[in-house]
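Colleague: Place chain B on chain A using the hints.
Taken in sequence, the protein lines are chains A and B. Going by my numbering, the first residue of the first sequence is number 1, and it counts up by one from there. Going by my numbering, the first residue of the second sequence is number 428, and it counts up by one from there.
None of these hints come from the bench; they were simulated from the model. Predicted model only: the values in this text are computed from it and were never measured. There's no promise every hint is true.
Stated by the list, open to error - Capping the alpha-carbon separation at 20 angstroms, the derived lysine to any residue pairs in SDA-like fashion look like this:
| # | chain 1 | residue 1 | chain 2 | residue 2 |
| --- | --- | --- | --- | --- |
| 1 | B | Lys834 | A | Leu78 |
| 2 | B | Lys811 | A | Asn367 |
| 3 | A | Lys87 | B | Trp539 |
| 4 | B | Lys627 | A | Thr17 |
| 5 | A | Lys149 | A | Glu178 |
Number of protein chains: 2
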Amino acid sequence: MKKFIYPDSTSLKIALTRPSMDAIDLEDLVRAIFDDVKDNGDPAIHKYTEQFDSVKLNELLVSKEEIYSAEKILSTELKVAIQLAAKNIKVFHESQHEELVKIETMPGVVCWRKSVGIEKVGLYIPGGTAPLFSTVLMLGIPASLARCKRVVMCTPSRKDGSIHPAVLFAASLVGIDEIYKIGGIQAIAGMSIGTDSIPKVHKLFGPGNQYVTAAKKYAQKFGLAIDMPAGPSELMVVADEKSNIEFIASDLLSQAEHGTDSQVLLISTDKTIIEKVEIELKKQLAALPRKSVAEKALDNSSIIVVQKDEILSIINEYAPEHLILQTSFNEFLLDGIVNAGSVFIGDFTPESAGDYASGTNHTLPTNGYAKQYSGVSLDSFVKKITFQQITEKGIQHIGPAIEEMAKEEGLEAHKNAVTVRLKSIGV
Amino acid sequence: MKKFIYPDSTSLKIALTRPSMDAIDLEDLVRAIFDDVKDNGDPAIHKYTEQFDSVKLNELLVSKEEIYSAEKILSTELKVAIQLAAKNIKVFHESQHEELVKIETMPGVVCWRKSVGIEKVGLYIPGGTAPLFSTVLMLGIPASLARCKRVVMCTPSRKDGSIHPAVLFAASLVGIDEIYKIGGIQAIAGMSIGTDSIPKVHKLFGPGNQYVTAAKKYAQKFGLAIDMPAGPSELMVVADEKSNIEFIASDLLSQAEHGTDSQVLLISTDKTIIEKVEIELKKQLAALPRKSVAEKALDNSSIIVVQKDEILSIINEYAPEHLILQTSFNEFLLDGIVNAGSVFIGDFTPESAGDYASGTNHTLPTNGYAKQYSGVSLDSFVKKITFQQITEKGIQHIGPAIEEMAKEEGLEAHKNAVTVRLKSIGV
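Here chain A stands alone, though its shape is the one from the complex (with noise of 0.2 angstroms):
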């Protein structure tokens, strides 16, 4: 890791600069596929997954049977670790649930919102080295909290053509029972264009590598809706002296193992921790399978010794996917943080608890897009409908105003809506 003490402006800004994205163009990748699908259906679908995922398959859908023997497969400990997840995950989100308030803005002028779900969205699983049925999880229970009339998962199998029984069991937990084995470009072309076997979908979700990532990009031109633009994910650890040396060695760990472009920042308002951290940090790394994954993560990482003071807008200005506060003035950072994902409060909250199983989402904001978007919640799967209901009443002590600014804005049309109904109740 870098070191940065005391920086000044410049060298600061150079310690929070995120690790350049490779900026390779798939469009014209990602066109020629979706063309293909657009034109040719299923057997481009199939086409493209001998291609890239090398695998055949004669048939795209996960059978009932497979669903149902992956849950003989995966040990007890496992399955019950997913169901304690799944609840919490459960609890926390349905917790988003808006109430339908009728508001009277004036004497007979009603106004109310109701939230619908999305009728279809469809939920990307990455496979490769790790099944990621967390994923499935944070996608699937809000999906079926918001009441989505059709969820479809595509996950790329593995080699001999099944699924991860974790991810399927995941999956059959929060009620998904439609899977299909496909993953990369073809999986998006297929929910965003439709084939004989693959819907169409309204909305998609999921994390994937760069062929998903410019996938979901180029989906938007159909129309389709995405959870966020993505990524490399990132984590931002707040210490001071009284911190546990160890804890911190083990966070920022937990997020440099995730990929080689991951990015962790420690933050320290004392001077003497770096070293004990970094001999931490070998210490741990010593032990972990994804070592070489974690140190070059590491490389792109900064430890920056600062002021108190200067703390908050150093976290706003980075507005970090992952926060962990573990100071003796957590308190006061918490009431300033404006720009962050997902934060993680005081020494016994590893930021591992919220990917998994604390009950918030691990679909979060990378890339300093805290700054405008939120995580994924209850709110992704769903669209609020406003509605009106105005009496006669209501037209006659709403209508003049209407009439006004309809008339200033050169809307006549608009204007006499209200006068016809004005004049019918004789007004």
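Modeller: Using the frame of chain A, we list chain B on its own:
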């Protein structure tokens, strides 16, 4: 208007087809202007304002004197009308505040989320033929309620370098005092990149012509969020044999006068109203200053006679931006509406009420986007940050599940962040 009497599914599809949008690709022009603003700042903004708007400005920022004197120019009637509308919009949007509720998902594990205003937002208010001061209210009021720290407004000036006083009055009323006299691509570029005069913002709001729309789309490459994708405006009216013909015609025309690419649809269970509506449309059209615009829009539009039980699927398939229910079975329809932007219920609830003064927002998803997007609301101006705080007891409850799941996903450092904590308390 085209007429479809009990259409089969093929004809219905034709009836519900939206006018195709002009697919002029403006990206090259947009990129060139963004590049110029990036390289040259304010002089580039001035150059394009002269070139495209034929206005030479000494000062981009509207002065306090201009804002102050706007109030004196306007009629009392208009000021009272704007104030009434502002009050209703404020009351309704204030009700959208989310209370902070802490949820203990399991003993010792507490999660919550907090809504925080997006720090810097940019509101675009079109100039042109109509001074859209109503849009100033619709965007400025939720921005103010969300406590966005900096609210910037851009609107092109008139040829004499002035801004319509109603726009300035509305802005002042909602607390906006940073108004720049610029429009078009250069205004969006200014707010996306930042210049000496114009701040870079985090999210862009507001309607605009195809140039503004293309620029907002491009702004996303600079990390900005936008309110929603744009499309031509539209209205669906549902009627039966008891509906008031004069009201229906006035509503159809109030939408049709928006632009030649507007679409209006009349869905009726009664065949006999067609002729009556057409006669009434002709009559009302004759008196409209924007007659030729409305006539062209009606050419894109349809009257569709259907059975009562087909209506909900038509509404939900089309996903109208505005939906007016003027039937004797409104309650039946209300329960089943899944896709719509804003719904107007009953004889005395014209669309123009929502456009101006009922309290609901008039920035709504067009082009079928109501399937996956909500209209602008207080939500659009905030991000929701999640928080979690876990006690020693809490990590004992939740820790083993996290360890189990992290292990299975192959993320050993995630597991270790829990293990070191459990060890520290002797578990």
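Colleague: Please go over all the hints and tell whether each is borne out by the structure.
Modeller: Cross-check of the supplied hints:
1. Restraint check for B/Lys834 and A/Leu78: the C-alpha separation of about 10 angstroms stays at or below 20 angstroms, so the hint holds.
2. This hinted pair checks out: B/Lys811 and A/Asn367 have alpha carbons roughly 17 angstroms apart, not beyond 20 angstroms.
3. A C-alpha spacing of about 16 angstroms is found between A/Lys87 and B/Trp539, which places the hinted pair at or below 20 angstroms, so the restraint holds.
4. For the hint pairing B/Lys627 with A/Thr17, the CA-to-CA distance comes to about 18 angstroms; that is within 20 angstroms, so the pair holds.
5. A hinted pair counts as satisfied when its Cα atoms are at most 20 angstroms apart, and A/Lys149 with A/Glu178 qualifies at roughly 12 angstroms.
Going through the hint list in order, the structure satisfies each hint without exception.
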